[in-house]
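**Q** This is what each chain is made of:
There are 2 protein chains.
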Amino acid sequence: MIATEHSDLSKLCVHTITTKPWNIEEAARNFSGAGVKGITVWRDALEGKDIRKTGQMLRDHGLSVVSLCRGGFFPHRDQIKRTDAIADNKKAIEEAWQLGTTMLVLVCGADPSQPLEESRKQIRDGIAAILPEAEAAGVKLTIEPLHPMYADTRSAINTLAQANDMAEALDSPWVGIAVDVYHLWWDPHLEQEIKRCGTNGNLSAFHICDWKSPTTDLLLDRGLMGEGCIPVRKIRSWVENAGFNGFNEVEIFSNAYWREEQSGFLKKIIHAYQNHS
Amino acid sequence: MIATEHSDLSKLCVHTITTKPWNIEEAARNFSGAGVKGITVWRDALEGKDIRKTGQMLRDHGLSVVSLCRGGFFPHRDQIKRTDAIADNKKAIEEAWQLGTTMLVLVCGADPSQPLEESRKQIRDGIAAILPEAEAAGVKLTIEPLHPMYADTRSAINTLAQANDMAEALDSPWVGIAVDVYHLWWDPHLEQEIKRCGTNGNLSAFHICDWKSPTTDLLLDRGLMGEGCIPVRKIRSWVENAGFNGFNEVEIFSNAYWREEQSGFLKKIIHAYQNHS
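Chain order of the listed sequences is A and B. Counting in the numbering used here, the first sequence runs from 1 upward without gaps. Counting in the numbering used here, the second sequence runs from 1001 upward without gaps.
Simulated from the structure, these hints should not be mistaken for lab results. Incorrect hints may have been included.
[Unchecked claim] Here are some of the chain A residues that sit facing chain B, going by a computed Cβ distance under 7 Å:
#1 Pro112
#2 Trp211
#3 Asn241
Note that beta-carbon positions come from the ideal geometry of N, C-alpha and C, so glycine has one too.
Build out the structure end to end from the sequences listed, making use of the hints.
**A** Structural data, given as structure tokens:
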């Protein structure tokens, strides 16, 4: 089954980082006004805010608070930094609870001064260490496998198979996985690993954007859906066939789009969502 | 078994692109003078040259001509371009034969306007189409799996498992595989796939450099061995344990190093080779 076009915006979520020039009040007002139904909040957008009131403000605008981004960054060669990371992740769980969302996305981290295997072990230990807090807060810890070009410092979990292995090993209802097309589109095993992820009840989030050719920056040159080579709609059909019924989250880091007037950019997002995802 | 330090340079090969500011005569003279024993020639270094005489010149400097870089780029949505690519690959095989090397490295290609699966099929068809010429010339077609960040335009073969699958499917003594640490270091299955590659007689080449943190350019910011996070020596031990006994080829694309005085850079390469690979 190939996914059909989006006739409405009922499953559209936008990340605050996507429209980074807007503060969270502007994002809420503009997302809501444009018909967007979900918002994923990046922690930087909450700095200096009363988090409970901010969550209420978002809901008052009719927005579902899909998730908080991001926890993670567990691996460090230095034990003190690992302890600090666990404390910061517990804080992030608390923030997610205050915000009123049930999902915390984990960018798991990596330390280039130690082997990937060691970073992966520290990720698993780190998640296990914060599971009691996640359960108490009703917040699902959502592992996001990152593109292999981020294996040095951002994540030692670089394929959906690895994320599936880890989620299955942790074996908790408070652990899930975020499938992001930007990170995973190239993987020849993607369809089968999405099926496995859904079958095992771990498919918690779906992030969309596109890979531009050429891509001029390793981090900040993501494209709108349809601008690049990722078969977003095909991957969405795999995710939906695997039982996923949640939001399609637009997560775009782009210096070029951040320089644009953001209301016009939001219109482009909605057009791209309806026609290319 | 962990690989030991390099006490000599008998297995050191340098790619002409690594010292791009030098023409091939300068590269030959300087490599030879520094004790380098092998050279891999990029086709741009042969432009306007008599290729037979150039091969003889390299051998006169005591250099083994390890391989010619590069053929490939088979996939195109346009049939005429696919036909042109096959013609160009036959020309590259002829050039390799004239140069007196027995290996042609393939950067297999990808067309972002079609699905990866289609590009992969076209790669397989392209290699099959040129196998008779490779056999007649005694030139091994060496598939180089490329990092997933190049899946849009440079190669739809992005893991060693995929390259192994393709080489085994083609099942020819004239097909091999190049293991490049830059492209493959992040892969959790790397050790087992290197073993499989060696066991099946397909491990033809080993390329080294390093992944810098941060990496500021998707193509032209590779590091010297020891400058980054790739466990080059550990991967070399896997390659040697799998039966590989050929050259260690230093392949670095770096705007920063190309701006340096190249004799000094060559000294750094040799130091890095002896101490970090």
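**Q** Just pull the numbers of the violated hints for me, sorted ascending.
**A** Structure breaks hint 3 only.
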